Amino acid sequence: MGLLVGETVHQNMTRWHSVNILLGEKSKYALLLVLLISVLGSMLWTAPVQAEDELNCVLCHKFRGLSRIDESGNFRLFYINENLFMKGPHKRVNCMDCHRDIEKIPHDPAKKVNCTAECHLVEPSGKKKFSHKPVEKILEKSVHGRFDEDGKPKEYQEDYPTCKSCHEQPLYRPLSFFKGVSSGVSRRGLGRCKTCHQTGDFAEDFYNHVTSRLQKTRESKEIVEVCAKCHEDPAFQKRHGLDNVVASYKDTYHYKAIRFGSDRTADCVDCHIVYGESVHSVESMDSPTSATYKANIAQTCRNAECHHEAGEGIASYRVHVDYNNKEKNPMEYYMLKFFTGLMAVVLYFFIVVIFLELLRRLFPNFSFSSAERAEHRQSKSVTKGGE
Amino acid sequence: MLNLIKTVISKLYILVLMAFTIWYGFFLYPVIFGHSADHDVEVLVSEEEHGGSFLDEAQNEEESMFDAALREQGSTATTNLGYMVVEEQYVQGHFHHVGMKVESDDTNLCLRCHGAVPHDKAKSIRAFLNMHAFYVACETCHIYPKEGASEWAFRWYNKETGDIIANPPGLTSLDKSMYGNYGAKIAPGFLKSDGNFRFLNGTKERAFVTKYLKEKDILSSTQQSKLKKIIHRNINEKPLLCDSCHTSNEDKAYLPFVQLGYPKRRMYDLTSTEVVGMIEKYQDFYMPKFLLPGEGWHEGDVEDEK
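Keeping their order, the protein sequence lines are chains U and C. Under our numbering, think of the first position of the first sequence as 1, with each following residue one higher. Under our numbering, think of the first position of the second sequence as 388, with each following residue one higher.
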């Protein structure tokens with residue numbers, strides 16, 4: 001680490017000699033200050049270059065079968081896929097930064113990780129130790145928070161999400177803008193960064209981090225699946241008096257496009273988050289500050305990336321219509337019944353007609369009337385006689 | 388005659404069309420009424436409420452666990468990173484990415500009753516034991532030759548087919564993520580007089596277990612105990628301990644690593660000070676009573692032993 005910082009200082013000092021000739025005294029001291037800040041900044045940023053497996057945890061945890069069934073009957077897997085671990089922002093964090101109760105090897109059963117603990121990484125803008133604490137604060141105030149406005153625990157505490165309910169270890173989704181937009185790292189773009197930022201994996205990590213943040217962290221289909229984990233469960237819906245919002249959303253054009261691979265149409269978070277706010281700040285549709293509050297719906301649809309020229313009428317579009325709920329949506333319920341009935345009557349009528357027509361062709365002489373059958377036999381014998 | 392043939396063909400043609408019409412009627416039903424499927428779920432919920440099923444709030448914790456485990460199915464998760472798609476086994480509550488689908492061992496006869504994650508008694512090392520069960524068949528450690536008897540030979544078998552396979556290529560891979568995930572397991576056996584290899588748990592043993600499972604429900608409880616005794620007749624009272632293979636003297640290791648295709652690099656890992664030393668630590672601090680029947684490690688034992 002000392003070597004890395006030393007290199008940065010050396011590079012900055014070399015630059016200092018070249019600019020010294022070009023600048024006056026005042027500018028020189030101003031620049032000195034800037035350089036000092038940049039050196040300090042570099043020290044802070046380069047501190048966690050890359051997670052090193054200092055305790056060689058993967059000695060055991062690289063084996064896929066490292067697992068057991070816990071006392072609650074859950075399958076617990078302790079495998080770490082090192083390749084994928086190194087593809088996300090957590091690659092800069094050591095195992096023990098999260099699993100803090102592990103003090104020796106071999107270790108006792110590890111406790112649950114506290115995602116809101118302060119990390120040894122320094123957040124560059126505020127120069128403070130990094131923590132997910134702000135997320136927790138936002139989540140607490142949202143409809144997914146465990147406590148109501150009076151600070152009392154809500155009913156069915158176990159249904160409210162924790163970090164791991166929605167998040168797996170994050171993975172970078174880098175973008176290349178060098179010639180057109182495509183997925184992945186632009187080697188040419190990265191090459192330009194690396195001309196100056198040569199130390200460690202700094203350029204690569206920074207590139208991955210920034211370009212991943214310029215798009216959705218997860219594709220829309222995955223976001224719908226995350227919400228569906230709870231909201232699609234009938235027992236969960238019943239406990240909280242909710243409709244099957246996942247099923248009704250899946251009936252919409254938005255989801256049809258997502259199902260066919262689009263990432264540009266609206267998924268859950270696009271409509272349920274006030275434009276530009278954290279994805280953790282979902283509010284109830286009854287809250288006047290909610291993105292889905294009746295008076296705010298049109299504005300939500302009109303955000304810069306969606307229907308930005310739409311009028312107020314767009315708010316009349318109902319996304320979550322449960323056609324089977326007669327009390328809530330009587331018009332839609334009866335309309336659906338009518339058209340289903342109409343379609344069934346028309347189609348099955350013709351199916352029956354065609355079937356009877358075929359039956360007649362199979363038995364052209366069949367009749368329930370004995371007189372008709374006799375008449376037919378007679379006409380047949382006359383025809384034969386004529387021949 | 389020609390007329391008869393014509394009539395038969397036309398009648399057959401009509402019959403085919405009639406069958407198609409009936410099929411089409413069935414085909415159309417879900418197309419027309421399929422949207423009510425969600426409604427069916429609601430009906431199911433309300434029906435189950437009265438039946439005291441898994442959705443009944445009054446059910447106790449054990450019932451919930453049991454129902455949840457019954458309903459759990461091997462599902463997969465997909466993460467699309469744009470430049471690559473990660474398709475993996477979905478493990479509820481697992482934060483780190485698994486990054487792979489895992490082939491189950493469909494052939495090992497022990498797993499048919501004991502499951503793929505069988506170790507549970509020795510709490511401090513059960514995960515390690517299950518880790519080994521991923522690429523070492525149960526009988527490798529639980530059945531070993533009696534004193535004076537000739538030693539077993541060992542081979543890899545394909546987890547899906549049970550056939551003997553050559554040493555898996557994953558053994559020599561430099562990709563650490565694939566360690567232990569070879570699609571194969573090591574199992575003991577012996578060389579027959581004709582030079583062919585026969586697994587210890589061969590056709591006869593498989594037939595025993597298959598027959599037992601098939602007829603279990605009609606057997607008396609005494610018969611069940613008898614048959615279980617026969618099936619388990621060769622199991623040693625104590626299994627082999629870790630240091631049988633993880634020994635600093637690799638020539639004395641129970642498993643012939645070189646013959647099984649382990650490159651020297653991997654073999655040195657298995658017999659390295661890191662691994663062997665850790666096992667010694669485990670024996671000193673964690674499992675002094677390890678593997679004495681019914682006396683596995685329990686919470687608090689560590690402190691007591693210290």
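Hint data in this document are derived by calculation from the structure and do not stem from the laboratory. Model, not experiment: these values are computed from the prediction. Some hints could be false.
Think about it this way: if two alpha-carbon atoms lie no more than 25 Å apart in a straight line, the pair counts; the simulated DSS-like pairs of lysine-lysine are [what the hints assert, rightly or not]:
no.	chain 1	residue 1	chain 2	residue 2
1	U	Lys-141	U	Lys-112
2	U	Lys-91	C	Lys-488
3	C	Lys-508	U	Lys-91
To give an idea of the chain U side of the interface with chain C (calculated C-beta under 8 Å), a few residues [unchecked claim]:
no.	residue
4	Phe-78
5	Phe-85
6	Met-86
7	His-99
8	Glu-103
9	Pro-106
10	Gly-180
11	Val-345
By construction, the Cβ of each residue, glycine as well, lies at the ideal position given by its N, Cα and C atoms.
Taking the hints in turn, this is what the structure says about them:
1. U/Lys-141 - U/Lys-112: holds (23 Å)
2. U/Lys-91 - C/Lys-488: holds (23 Å)
3. C/Lys-508 - U/Lys-91: Not OK: C/Lys-508 and U/Lys-91 at ~35 Å, beyond 25 Å, violated.
4. Phe-78: Hint on U/Phe-78: holds, closest Cβ of chain C at ~6 Å, below 8 Å.
5. Phe-85: holds (7 Å)
6. Met-86: This hint is violated: U/Met-86 lies away from chain C, its Cβ roughly 10 Å from the closest one there, beyond 8 Å.
7. His-99: violated (11 Å)
8. Glu-103: violated (12 Å)
9. Pro-106: holds (6 Å)
10. Gly-180: violated (14 Å)
11. Val-345: violated (10 Å)
Consistency note: the structure conflicts with the earlier hints numbered 3, 6, 7, 8, 10, 11.
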